[in-house]
Amino acid sequence: MSCLQTIQDYGLRAIGIGERLLPRSDFTLCEQFTLIGSGMIWNVYFGVMALCTGFFLATAIAVAKGLANPWLRKPAEWFIFLFRGSPLFIQFFFAYFLFLSLKGVYPFFSPFTAAWLGALIVLFLNTAAYSAQIFYGALQSIPKGEVEAADAYGLSGWLRFRRVVFPTMLRLAWPAYTNEAIFLFHATTLVYFSGFPAWQQRGDALYYASYFADKTFNPFVPYPILAMYFILLTLVIIAGFGLVNTHLNRHLPANARQKLRLRPNLIR
Amino acid sequence: MFSYCTDPDTLATLSWLTCYLTTGVHFSFYYSFLKVLGILAVTAPVALAFGFGGAMAARSSILPLSWFGKGYIAIVRGVPDIAFFLFFVIALDQGFEWMRHQVLCPDWTDPIRQGNDFLVCPQAKLPLGSAPQVVHQTYAFGLAVITFALVFGAFAANVIFGAMRAVPKAQLETAEAYGMSPRQTFWRVLVPQMWVFALPGLSNLWQVLIKATPLLFLLGIEDVVYWARELGGTKTAQFTSYPHGDWRMWYFFALLVFYLFMTWGSEKILTRIMAGLTRGQATSGGEAQRKGVAA
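Those sequence lines, one after another, are chains V and S.
Residue numbers for the first sequence follow my numbering, beginning at 12 and rising by one.
Residue numbers for the second sequence follow my numbering, beginning at 60 and rising by one.
Just chain S, same shape as in the assembly:
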């Protein structure tokens, strides 16, 4: 990147390092950090929406819908989440291909599962065999996002379901006494008040989501873990002008520090949001805030 980098062998340690850290592959490594932030930015709102939907379904008075919501919440208990990740990525992929297969090739007679193979007609392949590399990568990333959102949606549903039940009953009864319909009570009284109860759980979930992002590696994404392993491995002078020993330890140390900063920073921000939401609530936190202002 820099002009003095033409002959790395002659450089002093510091300038060697500046050259080494600005090679093309290192920019792929830095770009993968953006992928982490990207998946956080996409997954968090989607998971929240899934969670809200799940909680609404679990509260529903229609029995099958309530079962579905409760089942969705319950399924995340008791099973390691990494198993979900590994499961959903294949299951979703096969599910999509199967659906396309049903629509696109109705005349196909061979069974789809042949022994150890999963065969759909060529037109139903996702992405198509002829698609460019970018499409394959985007598809893999999209699958990863849906998987994350499904798993974390279930966690969020559990938190939101609990928060909805924590809203004081008297508030809802008052709303009813004022003649609000159940729908109005839900949207105008329950939902605005539930956030303060949901936030501790949701902020915990956000921290967990940050810490789950390295699992992208297991879903076949070229993420930070992938690049740290690639770049850190021993490089001989044959293949690169920057030979070095096994530096994977230092790359993972850098990742460790990156994640520590992420969790530390978001904790600071979430504390602020919590203070904002507590204002004027009938909770001990709100009461303490009110007295603090009055004094």
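For reference, chain V alone in the conformation it holds in the complex:
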């Protein structure tokens, strides 16, 4: 079987298109590359969706944490503590079994026990908490002069937030937020190891990599392939966020611009 044929059969296997049965023996390099790559669809899906939705919740929570009103500040602080203080792995397990129990009572919750929705919700809340902490830090370090200048121009409330506070917050938070994004994409590999079932063996990249490692008892091929895919993904994220970073800092003289500094990515 040619490699092109394999790509046709397994390229979209992770979302249920193509050959139903996974290869069982005599794995070729091409099969491993194709299936692990097809699993990346899920990693990208989880990462992109959680980032896009989490961004808005994170902004709201960061603002709430900075308020003087304890009725809004305390819940925001608790939310951040809850999701940053406990392992994501346990959060996945807890959410899965929570949805499973709810499903028994209300049939409405049955899609929540599937990874595409249930795990996405956990990732959404988790990244919202981590990003909110980053945004909160940025809100705290907005130069006093900028807010005073906004006051002097008669800007207040929503207008001041939208025109002055929010853009500066985003600019200051962006390097840290880039790391959070990379970090989140890496965290998506936990999904199929934490209770959420891979229905009809439609899993993510790590799911297929460990499938091959289990079957061949040889970790030295699938995991480096997975690593290669993730390094590529990380480079794409860095490039994309770098473009946004240049856009956010376009008003500054070239030598005063903040460079993106990359930090090692840790497990959460």
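Derived by calculation from the structure, the hints in this document are not laboratory data.
Glycine residues also receive a C-beta, built at the ideal position from the N, C-alpha and C atoms.
Among these hints, one or two may not hold up.
Taking lysine-lysine and the DSS-like style, the derived pairs with C-alpha atoms no more than 27 angstroms apart in a straight line are [claimed, not checked]:
id : chain 1 : residue 1 : chain 2 : residue 2
1  : S       : Lys184    : S       : Lys94
2  : V       : Lys155    : S       : Lys228
3  : S       : Lys350    : S       : Lys327
4  : S       : Lys228    : S       : Lys350
5  : S       : Lys327    : V       : Lys85
6  : S       : Lys94     : S       : Lys228
7  : S       : Lys294    : S       : Lys228
8  : V       : Lys155    : V       : Lys226
9  : S       : Lys350    : S       : Lys94
10 : V       : Lys114    : S       : Lys294
11 : S       : Lys184    : V       : Lys226
Simulated DEER-style distance windows between Cβ atoms [stated by the list, open to error]:
id : chain 1 : residue 1 : chain 2 : residue 2 : range
12 : S       : Met333    : V       : Phe92     : 50 to 58 angstroms
13 : S       : Phe320    : V       : Pro178    : 51 to 59 angstroms
14 : V       : Met239    : S       : Trp126    : 14 to 22 angstroms
15 : V       : Leu40     : S       : Phe177    : 12 to 20 angstroms
16 : S       : Trp157    : V       : Gly29     : 32 to 40 angstroms
17 : V       : Met60     : S       : Trp167    : 48 to 56 angstroms
18 : V       : Ser152    : S       : Thr197    : 47 to 55 angstroms
19 : V       : Met60     : S       : Thr295    : 36 to 44 angstroms
20 : V       : His262    : S       : Ala313    : 45 to 53 angstroms
21 : S       : Leu96     : V       : Tyr117    : 34 to 42 angstroms
22 : V       : Met60     : S       : Ser240    : 54 to 62 angstroms
23 : V       : His262    : S       : Ile328    : 41 to 49 angstroms
24 : V       : Leu78     : S       : Trp309    : 44 to 52 angstroms
25 : V       : Ala125    : S       : Ala313    : 24 to 32 angstroms
Assemble chain S onto chain V, guided by the hints.
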């Protein structure tokens, strides 16, 4: 455990619960919490040592050694760590068996990788097929510790490498001007001063290490996650005198609370250590502390 537990069906809810929570299997569950603490206690110093070694290698003036150190640090970037965990456990196991195979069975002619199998001679198996269960468990735990230490050592190396570069140059130049050798400068000036720069990163790492401990489950250890799944699952009256429905949610809720306490408590302690280390340092924190004392 208690004397009134002989017939659980007749008990009221509260005493039923006290009996239920003190069954033998529950003590295995509580014991697995000790495993978590144990792996933290063992891994943290080992990872710190690996990190220190990695940072020293990366700073080395010998080029290949510096490449090795930098490569070790760089490899943890860009790849999900759970992949490292899954990889290292098999890779280390096979590496050890391969080395023993080379030493113990030099006459073995068959290839080690036969298709989908990894075959070493029986004497080289780790642990030996005849070994008792305890040895197997200890070996698995040891592999897990080495894996954790390798991964977290790389993180720590990155933090320590950065901290070593953050020590003011003038301090090192002064040491040189006093006639200290590079070795003396390193141990007497650089290392004592670097900790204050390393601590924020290291304390972050400690929190991350705490939160990584449930991944032990993926390494095949009977840890808290394993027991929470086992004990929480639906139990029928056929197999146990304490039948209950699906309680896994509550077991994982308990784990969630356990980890929240762990991270909360260590944050309190680390803040104190930081205050101690900041004393007398030429940083803004140290300056603020000095003014606070003087006032």
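Consistency of the hints with the structure:
For the hint pairing Lys184/S with Lys94/S, the CA-to-CA distance comes to about 26 angstroms; that is within 27 angstroms, so the pair holds. For the hint pairing Lys155/V with Lys228/S, the CA-to-CA distance comes to about 32 angstroms; that exceeds 27 angstroms, so the pair is violated. Between Lys350/S and Lys327/S, the direct Cα distance comes to roughly 23 angstroms. Compliance with the 27 angstroms bound is thereby established for this hinted pair. Of the pairs offered as hints, the one joining Lys228/S and Lys350/S holds, with about 25 angstroms between alpha carbons and a cut-off of 27 angstroms not exceeded.
For the given pair, Lys327/S sits about 19 angstroms from Lys85/V by alpha-carbon distance, which is consistent with the 27 angstroms threshold. Using a Cα cut-off of 27 angstroms, the hinted pair Lys94/S and Lys228/S is violated, with the two alpha carbons roughly 43 angstroms apart. The straight-line distance between the Cα atoms of Lys294/S and Lys228/S is roughly 65 angstroms, outside the 27 angstroms bound, and the hint therefore fails. A threshold of 27 angstroms between alpha carbons decides the hint, and for Lys155/V with Lys226/V the separation of about 60 angstroms lies outside it, so the pair is violated.
Restraint check: the Cα-Cα separation between Lys350/S and Lys94/S comes to about 44 angstroms, which exceeds 27 angstroms; the hinted pair is violated. At most 27 angstroms may separate the alpha-carbon atoms for a hinted pair to count; Lys114/V and Lys294/S meet this at roughly 19 angstroms. Our distance criterion of 27 angstroms between C-alpha atoms is met by Lys184/S and Lys226/V, whose separation comes to about 20 angstroms. Range check, Met333/S to Phe92/V: about 19 angstroms between beta-carbon atoms, so the 50 to 58 angstroms window is missed.
Separated by about 39 angstroms at the C-beta atoms, Phe320/S and Pro178/V break the suggested range of 51 to 59 angstroms. Hint check: Met239/V to Trp126/S, Cβ distance near 20 angstroms, so the stated range 14 to 22 angstroms holds. Range check, Leu40/V to Phe177/S: about 18 angstroms between beta-carbon atoms, so the 12 to 20 angstroms window is met. Evaluation of the 32 to 40 angstroms hint for Trp157/S and Gly29/V yields a pass: the beta carbon distance comes to about 37 angstroms.
Against the hinted window of 48 to 56 angstroms, the Cβ-Cβ separation of Met60/V and Trp167/S comes to about 52 angstroms, which satisfies the hint. Hint check: Ser152/V to Thr197/S, Cβ distance near 49 angstroms, so the stated range 47 to 55 angstroms holds. In this structure the supplied range 36 to 44 angstroms holds for Met60/V paired with Thr295/S, their Cβ-Cβ distance being about 39 angstroms. Restraint check, His262/V to Ala313/S: a C-beta distance of roughly 51 angstroms satisfies the suggested window 45 to 53 angstroms.
Under the hint 34 to 42 angstroms, the C-beta atoms of Leu96/S and Tyr117/V, about 39 angstroms apart, fit the expected range. At about 57 angstroms, the CB distance of Met60/V to Ser240/S agrees with the hint of 54 to 62 angstroms. One distance hint, 41 to 49 angstroms for the beta-carbon pair His262/V and Ile328/S, holds here, with the actual separation near 43 angstroms. One distance hint, 44 to 52 angstroms for the beta-carbon pair Leu78/V and Trp309/S, is violated here, with the actual separation near 34 angstroms.
Evaluation of the 24 to 32 angstroms hint for Ala125/V and Ala313/S yields a pass: the beta carbon distance comes to about 25 angstroms.
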